[in-house]
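Enquirer: Listed below are the residues making up each chain.
2 protein chains.
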Amino acid sequence: MADSKNKAAKLVGITVPKETNCGQWYVEVVQKAELVEYYSEISGFYILRPPSMHIWTSIRKFFQDHIEPMGVQEASFPMFLSATSLAKEKCGTHNHRKEHVEGFAPELAWVTKAGDKDLEVPVAVRPTSEAVMYPYYAKWIRSHRDLPLRLNQWNNVVRWEAKQTTPFLRAREFLWQEGHTAHLTEELASEEVLQILDVYAAIFEKLLAVPVVKGKKTEAEKFAGASWTSTCEAFVPANGRGIQGATSHALGQNFSKMFGITVEDPDKKGNHLHVWQNSWGLSTRVIGVMIMVHGDDKGLVLPPRVASLQTVIIPVGLNAKTKPEERTQHMEKIQELKVTLQKAGVRVHVDDREGYTPGFKFSDWEMRGVPLRLEFGMRDAAAGVVVTSRRDNGEKGTIPVGELATQVPALLEKIQEDMFTKAAGVYESRRIKLTEWDRVVPALDSRNVVIIPFCGGIKCEDRIKELTRSEPEEDENGRKMPGMGMKSLCTPFEQPDGLVAGETKCLNPECQDMAKAWTMFGRSY
Amino acid sequence: MADSKNKAAKLVGITVPKETNCGQWYVEVVQKAELVEYYSEISGFYILRPPSMHIWTSIRKFFQDHIEPMGVQEASFPMFLSATSLAKEKCGTHNHRKEHVEGFAPELAWVTKAGDKDLEVPVAVRPTSEAVMYPYYAKWIRSHRDLPLRLNQWNNVVRWEAKQTTPFLRAREFLWQEGHTAHLTEELASEEVLQILDVYAAIFEKLLAVPVVKGKKTEAEKFAGASWTSTCEAFVPANGRGIQGATSHALGQNFSKMFGITVEDPDKKGNHLHVWQNSWGLSTRVIGVMIMVHGDDKGLVLPPRVASLQTVIIPVGLNAKTKPEERTQHMEKIQELKVTLQKAGVRVHVDDREGYTPGFKFSDWEMRGVPLRLEFGMRDAAAGVVVTSRRDNGEKGTIPVGELATQVPALLEKIQEDMFTKAAGVYESRRIKLTEWDRVVPALDSRNVVIIPFCGGIKCEDRIKELTRSEPEEDENGRKMPGMGMKSLCTPFEQPDGLVAGETKCLNPECQDMAKAWTMFGRSY
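From first to last, the protein sequence lines stand for chains A and B. The working numbering numbers the first residue of the first sequence as 1 and each following residue consecutively. The working numbering numbers the first residue of the second sequence as 1 and each following residue consecutively.
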C-alpha cells in the first residue's frame, strides 16, 4: 500500500485519538461508522441505523433462545402510565413504592393533550414498567398454580434526562427488554436472578467479546425498591472507568406488598402469601460499551458474531493498464468467492465501487469495524490465494481459495475469541486489589478500578466518593469535569482471598467498621 | 361426555353467540382466551398477553425471513416528532404534505412537560414515521449508489382515536412494522410494492389461514400522500363486513419532492432526480381479523402455525376408583407422549390439573382455541391409541401411540389447510358479482360484499355510500348504529370477465361515467 493512498483515505476517518480524547472519538465513531444518526429535531434522541440494529437483533435472538426454555413468555404492555395511578402510589405508606416512583419523577415525559384537546388526566411515557404491569399481576395471580409468572417485553422507554446525553450510553429514549417475574418462594426467585445474570454475562462475553465482573450492588447502588441487585460490570480501558452492563434484581416482597400480589398458601388454607418478584433489564447501552471497549484510532472494531458484515472482499492491483476483459474475468472470480463464503454462512460484501483506491476502501471498512478484510488481486488469483487482514490486530495472512469455506469461518471465530481474551487480559490487569488507602487515588488516576475491603455502609460509600475526588478530567463528551470520585461497582461473586471476617477493617480510613467483602470501586459512567 | 359436565364447564365459556352479537362475542373471546387484558388506567389501550404475542412474533419471523433476502434492513427511529418540524410541514405548499400531516393531527398525543418543566417545543408521539424518517433520507441519499434504501422498523405508534376502540382492530396504541424505501425508478418502486403485498397476503393465507383479496385502493380510499395504494382485503362472515388487512403504498415522488430527496441522474450529470418511494405497514390488527374469521360460539379457533399451544393432552377416565399406582403409571405414560410430541416439534401441554373434570378442561381449551385435543385414558393406553378431537370442525379420530410423532404434525397441517379452505369458500360465496343496482343493498343486508362495475370517481364513491345506507344495525361493540353505507374495499387485481371498456356503465344509477373496473364494495370496519 502506497502511503499517499492512505493519506487520502484518512480524510474520511476518525480525527482524534481514543486515548487522549475518548469522548470526541466516540461521537465520531458512532456517526461515521453509521451506527447512529443524531436526531437534530429533539436533543438526546438518536436514530439507530442498520449496523447497530443488527447487533441488537442478534442479542434479542440469543436472549430469547435462553429465556424461552426457562418458560419466560413475551407480552406487551401499554407505553403510558396515568397520573392518577402514579398519585395513588405516591400516597402509599410503603417506602419502596415512594422511592421507586420519586426516583423516576424528574425524568417523566407527560402527555397532556390529544389533538387539540387537553387530557382529563395526563399520562406519562413509561420509564420502566413496574407500575404498569404489577396491578395486573395482582389480578392474574390467584393461586400458586399461576406461579411462576414470567413475562418479558422488548420495548422503548423514555427517561428525559437533564444530564448530557450520549448515543447508547445515555439517551432519552432507548430500547431494552424488561423481564418481570413472580415466584412462590424466595429461593426460586433468587435462583432465577442469577440464571438471568448468567445470560447477560454470556451476551457480553460470547456475543460482544466484552469481559464483565459479576457481583452484587451495594446498598447505595441497588435498584430503588429492590431487595438486592445483581450486576455485570464492564470496564473501559481508555479512560479507566467502570460501566454497568446489565442488572437483574431480586425485588423480594416489596412490590407484591405494594400491589397486593398474593396467593393462598399451598400448605395452609386461608393463609395468604405475598409472591417473590424479580425484574431484569438489558438495554442498547450494551452496544455503547462494546464500542468503547474494542474501538481504536481507526474507528469501530466489531466482534464477528454481531457484525452485520463479517468480511469484505476488495479487488486490488487493477489499474488503468488492466484490460477490460481481464477486469471482467477477475470480478467474476470475486463473485464466486462471495458465493462460496455466503454458502458457508459468512456475511460478506464485495466492494466493487469504481473511482476509489483500495487504500480508501481499506480505511473505510476499517472505520466501520468489519472484522476481516479479504484482498484479491490478479496475482493472488494466479497463485490461488486470498490475502487476509484482521481488523482486531492488523495481522495479515493468506488462505488458499479452495479452503475459504472452512478457513474464513474458523478465522472469524478466532478473531472473536482473541478479542475477548485481549479485553479480558486488560480488564484483569486494571482491576487492582488494594489494601492501602493511599494507593487508591493514584490507581484511579492511572485508569484502573480497585478492589478493596469495604464495610458495605451507605454513608461510608458517600464519604469514599468525596475522599477520592481528584484533578479535573475530561468526560465522555470532552468537557472538563470536576474530578470524579469513585463509587462502588459491585461486590464480586468471585471474592479474592485475604479478607478475614472480624479482623480486616474497611479501607476507608475514616470508617471504624469491619470489612464485609472485597468490593470493586471505580470512576464510572 | 356426560351432559352435566358440559353444563358446568359452560360457566366459564363464551356467553353470547357470534352470529347474533358479534361485537360482544369478540370482547368476551379476546379476554377469556387471554389474548388481551383491558388497560383500565387509560381507555383505548390493551395489554397483549403471551398467546397474542406468540402470533405477533410468528408473523415477525415470517416477514423478516422474506424481507431480509430482498435487502430490507432494520432501523429504529425516535418515537417523537417535534412541533416545529410539523409546523414547517404544514406551511409547505405541497398538498400531499398538508394532507398527510392534517390527516393525523386530531389524533396526535402531545408531550408538553418533562418532569415538572414545560418543554420549550412540544413533541408528538409518532402516528406513523414519514415525517420522522424522510429528512434523514434526504441526508443519506446522495448518489444513485445509495439506492435502493430500504429500511423497516418494528415499533409502537399512537393514534388517539375519538371513535370507539376495540382490541386489535382499533386501539390507541398498536404494534406494527413500517417499511420505508427509496428507489431510482418508478418501475423498481412499483415492483417492490407488489412483492411486499404478496408477503402480506402470505401472512394472512399461510399463517393465519385467512383468505384475502389483493387489489388497489380507489382514489377515495388510498393513503393520504400516496400515488397509489395496494391492499389485502379480508372478510368477516359473521357480519358480512370487509376489513382492510394490510397496505403497501407507492408514494411516487410526492414525499421526495416535499423532503428534497434527490440523486444525481446517472445518465445525465448535473441533472437531479427525485427518488421514488414506497411505504408499507402491517399491524396487530391482523390478529383481530384472524379472531373474527375463525372464532365460533365456543370461543377462539387458532390456526396451528401461529398457536402458542398446538395440542393439549387431557387424561380421561381416571376417577375415585382408580388406584393411586395406576394413576401414577398412567400420568407417566402421558409424560412420554408429551416428550415424543415435543421432539417432533409440536407445542404441547399436559393438563394435569386436579379437581377439574375432563369436560371442564375440554371447554376451557376449546375456548382458548387450541387446534387439537388429545384424550388419553387407561383403555386407550391398553389399546395403544390416543383419541383426537379437532377444534376447527369437532372431528374425532384415533392415532396409534407409535405414530404420534408423524401423524400429529400431519394432522395439524391438515387443520391449517382446512381452516383456510373453509374460510376461502365462505369468502368466495359471499363476494357477489352484481350488475343490477337494485340487488346491491339486499346483498349487503344478507352479509355479503359486492363486486360491481365502478367509474373510480371520488364523488361517485361518496354518493354510493349515501345511497346504500340501510336499517340500523349493530356494530362490533353491540351498539345500534345508523345503517352503514358501503365503501370501496379494493379494485381486485384478478378482474372478473364481463366488463367492456367504453360500454359498461358505472353501476351507480346517478353516475353517467363508464366503468373503469370491477370494484369490491362492502360495509366495513
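Since the hints were made in silico from the structure, they are not lab data. It is possible that part of the hints are untrue.
It does not matter which identical chain is meant; a pair holds if it fits inside one copy or across any two.
Claimed, not checked - Quick list of in silico lysine-lysine cross-link-like pairs, PhoX-like style, CA-CA up to 25 Å: (1) Lys-163 / Lys-222; (2) Lys-343 / Lys-61; (3) Lys-61 / Lys-396; (4) Lys-505 / Lys-396.
Enquirer: None of the hints should be skipped; say for each whether it holds.
Expert: Going through the hints against the structure:
no., hint, in the structure
1, Lys-163 / Lys-222, "within (21 Å within a copy, 44 Å between copies)"
2, Lys-343 / Lys-61, "both (21 Å within a copy, 21 Å between copies)"
3, Lys-61 / Lys-396, "neither (33 Å within a copy, 39 Å between copies)"
4, Lys-505 / Lys-396, "neither (52 Å within a copy, 75 Å between copies)"
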